[in-house]
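Peer 1: Residue numbers (the working numbering), protein chains in the order written: chain Y, 1 to 235; chain C, 1 to 158; chain R, 1 to 297.
FYI, nobody ran anything at the bench for these hints, they're computed from the structure.
Any given hint could be a false lead.
Incomplete in silico selection of chain R near chain Y, CB under 7 Å [what the hints assert, rightly or not]:
no. : residue
1   : R54
2   : S75
3   : D82
4   : R84
5   : L100
Calculated cross-link-like contacts (lysine to any residue; reagent style SDA-like; alpha-carbon spacing at most 25 Å) [claimed, not checked]:
no. : chain 1 : residue 1 : chain 2 : residue 2
6   : Y       : K12       : Y       : Y26
7   : R       : K241      : R       : S267
8   : R       : K210      : R       : N254
9   : R       : K126      : Y       : S75
10  : Y       : K79       : R       : R285
11  : C       : K67       : Y       : G139
12  : Y       : K79       : R       : K133
13  : R       : K17       : R       : G245
14  : R       : K122      : Y       : T24
15  : Y       : K79       : R       : T123
16  : Y       : K80       : R       : D106
Derived CB-CB ranges, DEER-like [what the hints assert, rightly or not]:
no. : chain 1 : residue 1 : chain 2 : residue 2 : range
17  : Y       : I32       : R       : V121      : 29 to 39 Å
18  : R       : T211      : Y       : A70       : 39 to 49 Å
19  : R       : D115      : Y       : A70       : 32 to 42 Å
Just so you know, even glycine gets a beta-carbon here, dropped at the ideal spot from N, CA and C.
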Amino acid sequence: MLSQNSRLRAMKSLLYSYYTDFTTFYCIYLGIITGLCLTKFIFSSSASGSSALTVGMVNCFILLPIAMAAITSNSELLKKFSFPVDRDLVALSHIMLILLLPLIMLLTSCIFYLLEILASELLMATSDNFFYSWLVTRGSFLAGFAVSYIVIVAVTALSWMFFAWFYRYKVIVSVVTGTFALALIYFSEFREAFLSLVGKVFVNPSPGLLSLKLGTITLVLFALGYIPIKRMEVK
Amino acid sequence: MNKWILTAMSVMLILSFFLIYLLSPSDSDYLARYASGNYETVVSFDVPLDGGRIVDVIPSLFPFHVKKVRMDIDRIEIRVNRNIRGDLLDYMRKNLKAELFPVPETYARFALDISFPRPVGNYIGETFGIVGLFDYYNDLYDAHAEFMICVPMNYELD
Amino acid sequence: MNAVILQDLVKRFGKKKALDGISLELQENRIVGLIGRNGAGKTTLLRTLAGFLRPTVGSVLVFGQNPFDNIRVLSDIVLMDDERYTDNSDLRVLIDRAALSWSQFDKAMALKLLDYFNIPVKTKIKKLSKGMKTLFSLVIALLSRCPLTLLDEPTLGLDAAHRKEISSLLLKDYVNYPRTIIVSSHLISELEGLMEQVVLIDNGRLVFHKTIEDVQSYALYLTGRRSILEEQEGRRRVIYKESMGEMLVLGVVNDLSAEELRRLESSGIEISAMGVQDVCVNMTRQDEGGVLDVVSK
Numbered sequence: 001m002l003s004q005n006s007r008l009r010a011m012k013s014l015l016y017s018y019y020t021d022f023t024t025f026y027c028i029y030l031g032i033i034t035g036l037c038l039t040k041f042i043f044s045s046s047a048s049g050s051s052a053l054t055v056g057m058v059n060c061f062i063l064l065p066i067a068m069a070a071i072t073s074n075s076e077l078l079k080k081f082s083f084p085v086d087r088d089l090v091a092l093s094h095i096m097l098i099l100l101l102p103l104i105m106l107l108t109s110c111i112f113y114l115l116e117i118l119a120s121e122l123l124m125a126t127s128d129n130f131f132y133s134w135l136v137t138r139g140s141f142l143a144g145f146a147v148s149y150i151v152i153v154a155v156t157a158l159s160w161m162f163f164a165w166f167y168r169y170k171v172i173v174s175v176v177t178g179t180f181a182l183a184l185i186y187f188s189e190f191r192e193a194f195l196s197l198v199g200k201v202f203v204n205p206s207p208g209l210l211s212l213k214l215g216t217i218t219l220v221l222f223a224l225g226y227i228p229i230k231r232m233e234v235k
Numbered sequence: 001m002n003k004w005i006l007t008a009m010s011v012m013l014i015l016s017f018f019l020i021y022l023l024s025p026s027d028s029d030y031l032a033r034y035a036s037g038n039y040e041t042v043v044s045f046d047v048p049l050d051g052g053r054i055v056d057v058i059p060s061l062f063p064f065h066v067k068k069v070r071m072d073i074d075r076i077e078i079r080v081n082r083n084i085r086g087d088l089l090d091y092m093r094k095n096l097k098a099e100l101f102p103v104p105e106t107y108a109r110f111a112l113d114i115s116f117p118r119p120v121g122n123y124i125g126e127t128f129g130i131v132g133l134f135d136y137y138n139d140l141y142d143a144h145a146e147f148m149i150c151v152p153m154n155y156e157l158d
Numbered sequence: 001m002n003a004v005i006l007q008d009l010v011k012r013f014g015k016k017k018a019l020d021g022i023s024l025e026l027q028e029n030r031i032v033g034l035i036g037r038n039g040a041g042k043t044t045l046l047r048t049l050a051g052f053l054r055p056t057v058g059s060v061l062v063f064g065q066n067p068f069d070n071i072r073v074l075s076d077i078v079l080m081d082d083e084r085y086t087d088n089s090d091l092r093v094l095i096d097r098a099a100l101s102w103s104q105f106d107k108a109m110a111l112k113l114l115d116y117f118n119i120p121v122k123t124k125i126k127k128l129s130k131g132m133k134t135l136f137s138l139v140i141a142l143l144s145r146c147p148l149t150l151l152d153e154p155t156l157g158l159d160a161a162h163r164k165e166i167s168s169l170l171l172k173d174y175v176n177y178p179r180t181i182i183v184s185s186h187l188i189s190e191l192e193g194l195m196e197q198v199v200l201i202d203n204g205r206l207v208f209h210k211t212i213e214d215v216q217s218y219a220l221y222l223t224g225r226r227s228i229l230e231e232q233e234g235r236r237r238v239i240y241k242e243s244m245g246e247m248l249v250l251g252v253v254n255d256l257s258a259e260e261l262r263r264l265e266s267s268g269i270e271i272s273a274m275g276v277q278d279v280c281v282n283m284t285r286q287d288e289g290g291v292l293d294v295v296s297k
């Protein structure tokens, strides 16, 4: 009971800490998406191209791996260990972040999509040469949201796993990654084999099947990333 | 951050999701918007109907999307979708300039030159770009076009 | 009950042995001074106790359990050192986190103390001076009232007035909330009044673990004529020796009987107690002499 209580307290404290950290991160995301949406309407003769939904999704792909590189670094973990916390809780809180942040960020892009529509309505009301089309359908929205979420989670989990290993075993991971990259560049057979493996996941799937495949890959990535975190020393 | 702000933000996030979902049409309603019957002719040209001929559409209609189709008609027509927000059809009826002329030194080629009198703004509220991974949604979005250029069956479009 | 039990504790970093076979038992509710030169292994020992590092060989038990990755034990341990609280957050956030982490954390008192030390809670920790940062870390560590409180150089960057106040605060809080406090510091003389026990380590090895009273009477300075003291040198364990012409100063481990002391005094030898600081310095002195020897060569 006491142990459960300690764990609960530690988890609350850790999540509070990540909440304060990610408030800044979220503000950066808001800033970027606001900037991109504004420039689309102010500086471009046409606001066509990517809507806020796609802009938000692409930003997730860029920002979340950077965030994962930060939270798995030794200096960041040292900060978290200033208060009682164990490695399971750290890994669990990271996984919660990986699952939660894309959801919040994608939902935020939904708000911006509505704001874009609102801006379009305003522009339409004030000028006779502005037009817009609402291309989202219920099916494509749900499928797009779900698949974007699962792909972002998978990519974020991959970067989390990579950096969790990298900061603990810099030399080994650098050598393995370097060799892998060189093999991809110089050995066409290896490259083709690798691309066909990736293709098996992405080519001609249905949204459900793709989500299932990526969900499984994500679980494997979580398990792989957990290993170095569980074994790490706080230095 | 204040608890109330946090709660309000969470509600807004969830609401926005449901709002988009509820405001969006079903796939079949969406497809119906871009069915041939929903386009109206704004400009048409009399053309010879003998032999095989080719029409080059010279400018792109940026920022609009265009479908080029052959159909059982005896004129070359530029049609505009009547469901575009902002009444594009009415605007184009008044402002679209189009000219069809034979390309010199060719017998079978026509050039269709289209221009707008002044810049127009167009916002396309696309869904998540990732649906491009699926053929079904690619086909769905290919149906979208503000303009349709229609030529008789014996004409080719380039 | 023992708060800490170390058995043949070895900690290696690559080829370097930071801790080399330390065995030690520390009872609950004591203030223990952890003394050693720079690089002796004090910080490594504290971090191992705090569960940050895993022993290479041997075992560490804190309140009967291994602290490494054990949240139940870790909740009872606080480590204060100059690497804590490097967040880019306001102090208020860190205080809130402390209150969430430790049920016994006295948040009201923490705010009062920070106000007293003129540390604004809306400041980011990165903007504090070294001394202010130390004060803040100390306030958190002390008011967490953890059964095992580890203070690594708790006076780093503090001025004399603050050092004195912190000593008083530590003592007062310890009396009100008894717990095991391990303090590692170079300023032995200032901690002498606080420490109940001394653990001296050198090059990762335990030199001794004694009560403060035992350390205070552990060694003596014998000052007198070389001819008399050279005879003693062969019979005693000498930890310090300094020649001044015909005079000689010997620091010897105090295993002299009352009779022997009387005899030395009657032969003109001046006998004085070696302070705790001197004992620690002399017990960990390098064989090749001091820095002046290096310079003179």
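Peer 1: Does each hint hold? Answer for all of them.
Peer 2: Against the structure, the hints:
no. : hint                       : verdict
1   : R54                        : holds, 6 Å
2   : S75                        : holds, 4 Å
3   : D82                        : violated, 12 Å
4   : R84                        : holds, 5 Å
5   : L100                       : holds, 4 Å
6   : Y/K12 - Y/Y26              : holds, 20 Å
7   : R/K241 - R/S267            : holds, 19 Å
8   : R/K210 - R/N254            : holds, 14 Å
9   : R/K126 - Y/S75             : holds, 14 Å
10  : Y/K79 - R/R285             : violated, 36 Å
11  : C/K67 - Y/G139             : holds, 23 Å
12  : Y/K79 - R/K133             : holds, 14 Å
13  : R/K17 - R/G245             : violated, 41 Å
14  : R/K122 - Y/T24             : holds, 16 Å
15  : Y/K79 - R/T123             : holds, 17 Å
16  : Y/K80 - R/D106             : holds, 20 Å
17  : Y/I32 - R/V121: 29 to 39 Å : holds, 31 Å
18  : R/T211 - Y/A70: 39 to 49 Å : holds, 47 Å
19  : R/D115 - Y/A70: 32 to 42 Å : holds, 33 Å
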